[in-house]
Each structure stands twice: as structure tokens, then as C-alpha cells.
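Asker: Below are the chains, spelled out letter by letter.
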Amino acid sequence: MSEYATHEDTGVSVGLVEKKFFHFADPPQAMVLEGGSSLGPVTIAYETMGSLNHAGSNAILILHALSGDSHVAGYYGKEDPKPGWWDIMVGPGKAIDTDRYFIICSNILGSCMGSTGPSSINPETGRPYGLDFPVVTIGDMVRAQKALLDHLGINRLLSVIGGSIGGMQVLEWAVRYPKMVRSAIPLATTTRHSALAIAFNEVARQSIMADPNWNNGQYYDREKPNLGLAVARMIGHITYLSDEAMRVKFGRRLQDKNDFSFNFDVDFQVEGYLRYQGNKFVERFDANSFLYITKAADYFDLGLRNGTQSVTEAFARARAKFLVVSFTSDWLYPTYQSKKMVKAMKKNNLDVSFCEIEADWGHDAFLLPNPRLSSLISGFIGQVAGEAEEESRAV
Amino acid sequence: MRFDLQIIASWITPGARVLDLGCGEGDLLDYLRKNKQVTGIGIERSEAGVSQCIARGLSVLQGDINEEVQDFRDNSFDYVILSQTLQQVYTPDQLLVELLRIGRRIIVSFPNFGHYQIRLQLLTSGYTPKSKELPYNWYDTPNIRVLTIKDFKKFASEIGCTIFKEVAINTHHHEDRGNIIHRLPNLRATYGIFLLGQGKGP
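These protein sequences, in sequence, are chains Z and B.
As numbered in our numbering, residues 1 to 395 make up the first sequence, in order.
As numbered in our numbering, residues 396 to 597 make up the second sequence, in order.
Treat each hint with caution, since some may be false.
In silico negatives: residues of chain Z with every beta carbon more than 12 Å from chain B [claimed, not checked]: (1) Ala-210; (2) Pro-212; (3) Tyr-220; (4) Arg-222; (5) Glu-358.
Listed next, the stretches of chain Z that the computed footprint assigns to chain B, with coverage defined by at least 3 CB atoms under 8 Å from CB atoms of chain B [what the hints assert, rightly or not]: (6) 310–318; (7) 369–376.
Worth flagging that the hints you see were computed from the coordinates, not collected in a lab.
The model shown is predicted, which means the values in this text are computed figures rather than measured ones.
Beta carbons: idealized from backbone N, C-alpha and C, even for Gly.
Could you build the full structure based on these sequences and the hints that come with them?
Answerer: Structure below.
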């Protein structure tokens, strides 16, 4: 996702931010995961921006997608070429205004961007976990974030916002910790994966596991399965775009040549683009984390867990005010999936808004500059913030 | 605010739960929220309208009103407002029944096709009438069901609703001042506004 992070034209930015780490679940208080195994100690990487107000009522938790991280906005240093992944949305005077709100973005459990994941050292062996890392779920990721918020002393969130896998965490938050979540914005997401989404993830995982360097997940002291991971990322990229986006961006244009090469080098621009994205991705992401996180997304089923039998039953637990947003050209999590969750929210008398934004850029539209999305988010959060202030005055 | 919306707003009790069907950019909901402490939800088809509403801090669902009303629980609302939309609905009888299920009171407003100028146009020119309220040609109009105030009253009794209040006005709906017509409304009014429900008494 970070290929979209761009400098704002206006140059407005939240400025320098620092990656911090929260450690918890030291054995014997290890975290018991949904899958039954224990994990500990656990580290969660996170960043914060803005400041918490006196009433503690202006905290917003932002949740990233598959390959994202805690670096949501701003820069680590003056020479940083790129800001955080949602710098267009988060900053002073932006839709998620750091002058008004206290922003927290944590890296998910199982990732390789600072949180405990398969590339972390297993304290029992002194070597990276590899496949000894237990399978984690979206629910486990959310429970780790909850531990972080407890540590930061935040007991109520003004809003929880995220797209894609981040959107799944938003839904999980709203259902699992209803009293803590005043409002929730799930973007371009679903209550559970379709067969299509699972199929793409499985092909991506197979490409990693078919790489001879993968070695059953133990590759940290040798050559990495970079080819498999690059192909996995290429598959992902295709699902994040759309027919229209690819037609406009690449068409059938050739890459630095006037005719076909009649071999298997790059001929078309789209091939060059995918290879470039794939190769760039392996520099920053761990193949095993890709396996674990995609599996967590495939397992996610908001309706059929924790004793609930349907999405409607699951949302019966929620109290938040919702803003659901989908994008017309998103074929990974199409609008009908968002409408289904809206339906379930309505059946529970929840306060919900829904908008389908016309966008040609496919699933990744939520990461791209879009004035409509910005105005939706800022208007919605502004309203909730106003209600929160009124409530705190009344108390 | 539009004159017809002012009348509708005056009928709504403070603090009520309101559903506004075809809410546009949310002018009525915004007014009701600010002046009557109403909790409201809108339904609107256009992305531009919906995003305008949400940017104003209103709760709005993007979708088709016929489908969207189905998911609400029985008696979810004190008022359901169907303003200037009835004439564009394919199955008004089915919709009204659904609205009576989800709302205690229904407010309906529509342009009156019985207005004397419309009657005269058809009589004198022989062409399908057009008016400020129904300004389209027969081939490009979204208004698929033109009706008169008389038609509506007959319809309401046929589907078993009680009319609790009715007001007829002769103002173009974009104007914010207007006249209420008391005598011969079906002939003289450009708009009819009705408060409906089941049973007796308000």
C-alpha cells in the first residue's frame, strides 16, 4: 500500500513522528490466542499524533491494511522521502485533524513492521519463530490493540477507522468492545471473505510456499523466498486495482520498446509495473507475515464467531455510530458486501450512514486522494466529536 | 427553507425519530436537528446528495427507497417523510404499506395534477401538460405517476390509512414563502401535503 504515500501538494504535514513499542504478555501471563495457543511476550509497534484532550474524548484509532504499518502520517526524519501511508488524510487541518484529535496507529500482531510476528525471535529457541508462530486472527490483533490502549490509559475511542483488513478490525472492535467505541468507519471492507477473495489469497500463499527458498518458513538465516513473495504481491496488486484502472494506467502499451520481444521478458507496461511492485515489496515485507495475515483475513467471519450465528446477531452487540463506505470499482470487497453489513446494522436500530463512492481505482481507492472521502470522514467525525463534547459538558 | 418543508417541519414534534426518504442534501433533516432536536436518518439515491449530508454530520444511507425501507424494524420512526417523491415511485401502494409498518406517522407531499392550469393545458393545447412543478416532457420525465389531491385521498382510504392533517399550497416548491389554499384545493393548489397513519386521532 505504501506506493501511494505521496507528499501533500500543500506541504502540510503532522511533521516528525516516532515509532514506539509496547511490550506485554510476559509469560506466565502470555496471551491466549483464539486458535488456542499462547503467545508471549508480545511487542506492538505504534505511533501517536496530536494530543489527548482533558476529558480523554478525542482519541481516534486508525487500523492499517495487510502490508501497512504504524506509520500512518508524518515523517521519521527530515530526509525521509515518503510520509506515512495515509498522510493525505491525517494531519493538521486534514480530514482526520491532528490539531483536534489524538491519533493512534498500531502495527498488527503477526506483522513484520515492529510487532511480534513470525520473523520475531522465539524466546524458547532463540531463533525466529517461522512456522512455530501460532496462527493469529483479526480478533487477536484487536485484543492486542486493546492492551495497547489500556496501557495508554484510553478507555473510550471517538472513532475507529480503517480500510480493507483494517476495516475488518474496525468491525471487530465495534462488536468486541462496544462500550469503548463511540463511532466506527469501516472502508472498502467486508464482514467475511468471499470465495473469490480467499482464492486470491490462497494462490498468493501457494506462490510463497512453492518458492524453494521458503524452506517451511525457516529462511531467516539464508536466502529468502523473494520470488514467491513478489509473485504473491503481484497477485494482490491485481485485486487492488480494477479493469478500468488498469486500462487507463497501462492499456496494452509496451515498456521501452516498439515491438514484441518474442521471449518472456517484460513487453507490456503492466508487466513491468507488477514486477517492479513485487520486487520493491520484498525489500520491506516478510513472506511468513504475508501468509499469517492473509490467513487471518480469510478466517475472519464477524457473524459466525463468539457464539453468534449471523451478522445481525453480531451487530446486536455494537453501540457505535457507523459510517460505511464502499467504492464502485472495488471487486475484492464489492458494494453488495458493504450493503449487507449496513442491512444488519439497520436491523439492530444502529445509527448508520452509507455511501458508495464512484471511483475508478478499485479496492485501493481509499488510499488515494479523494475530496469526497475526505469530506465524508471529516464531517462524520466532526459530528461525533460535537456529540462527545456535549455529553462531557452534561456530565 | 422551502415552504412545503416548513409546513412539514411544523407538524413534527420535538425530539422525534424521523426518516426522510429522498432527503437530497439534507436541508429538512438539518433544520429538524437544529430546531426540533430530532434524531433523523435520510435515504438518498445520489452520491453527491449523500456525501453532502454526511459532510454536514447527518446520518444518511445511499440507496433505493423501496429497498432501504425494508430492513428497518417495525415502528422504528415517529415520522416517515416522503416529500415530492411519491410521483416517482413504481409501486406506491406497496411502499405506503411498508412505511406504515416502520413509522407511526407518514408525511406525504406531491404536486397536484388537478390544478386548473394543468386541466386547461390539456383541454386547450391537446399536449401532455407541463408545469413548474412537473416540468418534464412525457418521454423524459422521472414522474411516472401523476396524481391529484382527490386521487390521493381516495388512495389513502383504499389502503386503510387515516388522514390526520392536510394542507394544500399554491407555491412553487423552491420558494420559501407561500399560500395555503382552503377553498377548492384540488383545483387551485399546486401541492398537497398529508399527515397519515393508522387508527384514530393524532
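Asker: Each hint should be assessed against the structure and marked as holding or not.
Answerer: Comparing the hints with the structure gives:
1. Interface exclusion of Ala-210 of chain Z from chain B stands, the closest Cβ pair being 43 Å apart, more than 12 Å.
2. Once the 12 Å rule is applied to beta carbons, Pro-212 of chain Z is consistent with being away from chain B; the minimum gap is 49 Å.
3. No beta-carbon of chain B comes within 12 Å of the beta-carbon of Tyr-220 of chain Z; the shortest separation is about 47 Å.
4. The claim that Arg-222 of chain Z is not at the interface with chain B holds, since no C-beta of that chain comes within 12 Å of its own (minimum 52 Å).
5. Annotated as non-interface, Glu-358 of chain Z brings its C-beta within 12 Å of a C-beta of chain B; the closest such distance is 6 Å.
6. Proximity of the segment 310–318 of chain Z to chain B, defined as three or more residues with a beta carbon under 8 Å from a beta carbon of that chain, is not established by the 0 residues found.
7. For the segment 369–376 of chain Z, the stated coverage by chain B is satisfied: 3 residues place a CB nearer than 8 Å to a CB of that chain, which reaches the threshold of 3.
This entry does not satisfy hints 5 and 6, going by the numbered hints stated previously.
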